[in-house]
Amino acid sequence: MVGQTDEVPPPTTTPVDAALVACSGGDPATFGPVYDALAPVAYGTSLGVLRDPDHAAEVTQEVMVEVWQTAARFDPARASARTWVATLARRRAVDRVRSEQARRDRDQRDLDSSLGSAPRDVVAEDVERRLEGAAVRRCLDALTPTQREAVVEAYYGGRTYREVADRLGAALPTVKSRIRDGLGRLRDCLGVRRG
Amino acid sequence: MADEHGEAWELLPAYALDAVDDLERRTVERLLDADPDARRALDEYREVVASFAVEQAPPEHLRGAVLERVAATAQATSRVPGSAPARADGAASSRSRRRWGVLAVAAAAVVAVAVPTTVAVREHRENVQLEQQADRVAQMLADPGAQLVTAPVAGGGEATALVSGDDVLVSAAGMPAPGEGHDWQLWIVEGDAPEPAGLMPAASGGVSRALVEGGAGKVVAVTLEPEGGSPAPTTDPVVTIET
Chain A
1 MVGQTDEVPP PTTTPVDAAL VACSGGDPAT FGPVYDALAP VAYGTSLGVL
51 RDPDHAAEVT QEVMVEVWQT AARFDPARAS ARTWVATLAR RRAVDRVRSE
101 QARRDRDQRD LDSSLGSAPR DVVAEDVERR LEGAAVRRCL DALTPTQREA
151 VVEAYYGGRT YREVADRLGA ALPTVKSRIR DGLGRLRDCL GVRRG
Chain B
1 MADEHGEAWE LLPAYALDAV DDLERRTVER LLDADPDARR ALDEYREVVA
51 SFAVEQAPPE HLRGAVLERV AATAQATSRV PGSAPARADG AASSRSRRRW
101 GVLAVAAAAV VAVAVPTTVA VREHRENVQL EQQADRVAQM LADPGAQLVT
151 APVAGGGEAT ALVSGDDVLV SAAGMPAPGE GHDWQLWIVE GDAPEPAGLM
201 PAASGGVSRA LVEGGAGKVV AVTLEPEGGS PAPTTDPVVT IET
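Chains as they are written, first to last, in the UniProt record's numbering: chain A, 1 to 195; chain B, 1 to 243.
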């Protein structure tokens, strides 16, 4: 399943899932293949959000150690190994974006706010480039422009929907429903059904 | 409760995108604990979010660094019954690691196995502290000159500060539990750098009380922090009280 880019793998157990389950037995020697299969997911996810290779490498390292440590919590009935690792990586990458943002805000509090806020603009062509090869790409066309904008801002900007609403000058409930409807359409387009 | 769960359902997609704030995150996690349908819906949204990921080869040196660390790191063996596979996993540790970045990863194994002991030690320490504080609290409660200040808590409940002499007794009623892996932490705010002022103990009878010594005349704030507290706040305050 690794390297497959056209569609989301069906929720059946893959060899990578099995390898991840097997490494929860505590033998570090079993982790090598798991690293090889899943580190590109962690790195790609982190890089998509952080855009900085050094930050992304640090996050990948943290995530892969976490994958090893918490392998017993992985449940192949609920998610593929790929999704599990992408989720962990995204959480950490977003955490890093937000703490960097908070640090910048603190450092720059007394400076000109136009310098201090250093907006993480999510530029359209940049998004296109980052989406190259993503399973979700063809499905983004199924979204309305406003749904797409809200989902993409939240995904690549690492923003809360509140911040997305601020940036887009839209009402909170509006943005909340754009994200909900947007992800709902993507789910249907990708054919994601569990349970 | 039904309303809260309704709101949590609404937030589920944003939660899957990590696009919620800390309070909303907890609202959603309460729903996930209670409702297997919500967990299933989350699993689907997570798969959608993961489909944005484009695999990319990490720098080669990472492999050796990770495997070396893995060889030196014990696994967390227990699975929490009914817990989501990728939900709160590592949430607390990633939050507490914010400030220290990769340096803290080396200590992660120690943290993982040491948690029960730490909790026991902390409870013991809190009890001793409470005994020592009991006299002072009784004095404060009996002080006819004591002042009361109340303020609403974001996310629910109300905090009351009883100001007597130099000290402040903070009572929080109806505040949500901090959630697994988190604590409510008190701060004395004066100028730009908040001083840590201890953790709010678990509520008994819906009320949690903490003595903030030397807090009188200053601003007392409460934030949500990784279990055990932080040296400096990592989230926005849910309540600030000017005493």
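Just so you know, the hints here were simulated from the structure itself, not pulled from any lab data.
Just so you know, not all the hints are guaranteed correct.
[As the list claims (entries may be wrong)] Distance ranges between label pairs, derived from CB positions:
(1) B/195 <-> A/27: 43 to 51 Å
(2) A/168 <-> B/71: 46 to 54 Å
(3) A/27 <-> B/236: 37 to 45 Å
(4) B/177 <-> A/25: 42 to 50 Å
(5) A/15 <-> B/57: 18 to 26 Å
(6) A/52 <-> B/148: 48 to 56 Å
(7) A/18 <-> B/60: 46 to 54 Å
(8) B/40 <-> A/27: 45 to 53 Å
(9) B/177 <-> A/28: 19 to 27 Å
(10) A/103 <-> B/149: 52 to 60 Å
(11) B/195 <-> A/168: 20 to 28 Å
[To be verified] Just a few of them, taken from the derived set where beta-carbon distance is under 7 Å, the chain B residues facing chain A:
(12) 30
(13) 53
(14) 64
(15) 68
(16) 70
(17) 219
[Stated by the list, open to error] Lysine to any residue pairs mimicking SDA-like chemistry, simulated, CA-CA at most 25 Å apart:
(18) B/218 <-> B/240
(19) B/218 <-> B/150
(20) B/218 <-> B/232
(21) B/218 <-> B/181
(22) B/218 <-> B/146
(23) B/218 <-> A/19
(24) B/218 <-> A/177
(25) B/218 <-> B/236
(26) B/218 <-> B/140
(27) B/218 <-> B/157
(28) B/218 <-> A/128
(29) B/218 <-> A/140
Quick caveat: nothing in here was measured; it's all calculated off a predicted structure.
Glycine included, C-beta positions come from ideal geometry on N, C-alpha and C.
Here is how each hint holds up against the structure:
{"no.": "1", "hint": "B/195 <-> A/27: 43 to 51 Å", "result": "holds, 46 Å"}
{"no.": "2", "hint": "A/168 <-> B/71: 46 to 54 Å", "result": "holds, 47 Å"}
{"no.": "3", "hint": "A/27 <-> B/236: 37 to 45 Å", "result": "holds, 43 Å"}
{"no.": "4", "hint": "B/177 <-> A/25: 42 to 50 Å", "result": "violated, 34 Å"}
{"no.": "5", "hint": "A/15 <-> B/57: 18 to 26 Å", "result": "holds, 19 Å"}
{"no.": "6", "hint": "A/52 <-> B/148: 48 to 56 Å", "result": "holds, 50 Å"}
{"no.": "7", "hint": "A/18 <-> B/60: 46 to 54 Å", "result": "violated, 26 Å"}
{"no.": "8", "hint": "B/40 <-> A/27: 45 to 53 Å", "result": "violated, 32 Å"}
{"no.": "9", "hint": "B/177 <-> A/28: 19 to 27 Å", "result": "violated, 37 Å"}
{"no.": "10", "hint": "A/103 <-> B/149: 52 to 60 Å", "result": "violated, 32 Å"}
{"no.": "11", "hint": "B/195 <-> A/168: 20 to 28 Å", "result": "violated, 38 Å"}
{"no.": "12", "hint": "30", "result": "violated, 18 Å"}
{"no.": "13", "hint": "53", "result": "holds, 4 Å"}
{"no.": "14", "hint": "64", "result": "violated, 10 Å"}
{"no.": "15", "hint": "68", "result": "violated, 9 Å"}
{"no.": "16", "hint": "70", "result": "holds, 5 Å"}
{"no.": "17", "hint": "219", "result": "violated, 17 Å"}
{"no.": "18", "hint": "B/218 <-> B/240", "result": "holds, 10 Å"}
{"no.": "19", "hint": "B/218 <-> B/150", "result": "holds, 14 Å"}
{"no.": "20", "hint": "B/218 <-> B/232", "result": "holds, 17 Å"}
{"no.": "21", "hint": "B/218 <-> B/181", "result": "violated, 29 Å"}
{"no.": "22", "hint": "B/218 <-> B/146", "result": "holds, 15 Å"}
{"no.": "23", "hint": "B/218 <-> A/19", "result": "violated, 56 Å"}
{"no.": "24", "hint": "B/218 <-> A/177", "result": "violated, 41 Å"}
{"no.": "25", "hint": "B/218 <-> B/236", "result": "holds, 18 Å"}
{"no.": "26", "hint": "B/218 <-> B/140", "result": "holds, 17 Å"}
{"no.": "27", "hint": "B/218 <-> B/157", "result": "holds, 22 Å"}
{"no.": "28", "hint": "B/218 <-> A/128", "result": "violated, 51 Å"}
{"no.": "29", "hint": "B/218 <-> A/140", "result": "violated, 52 Å"}
Violation of the numbered hints given earlier is confined to hints 4, 7, 8, 9, 10, 11, 12, 14, 15, 17, 21, 23, 24, 28, 29; the remaining hints are satisfied by the structure.
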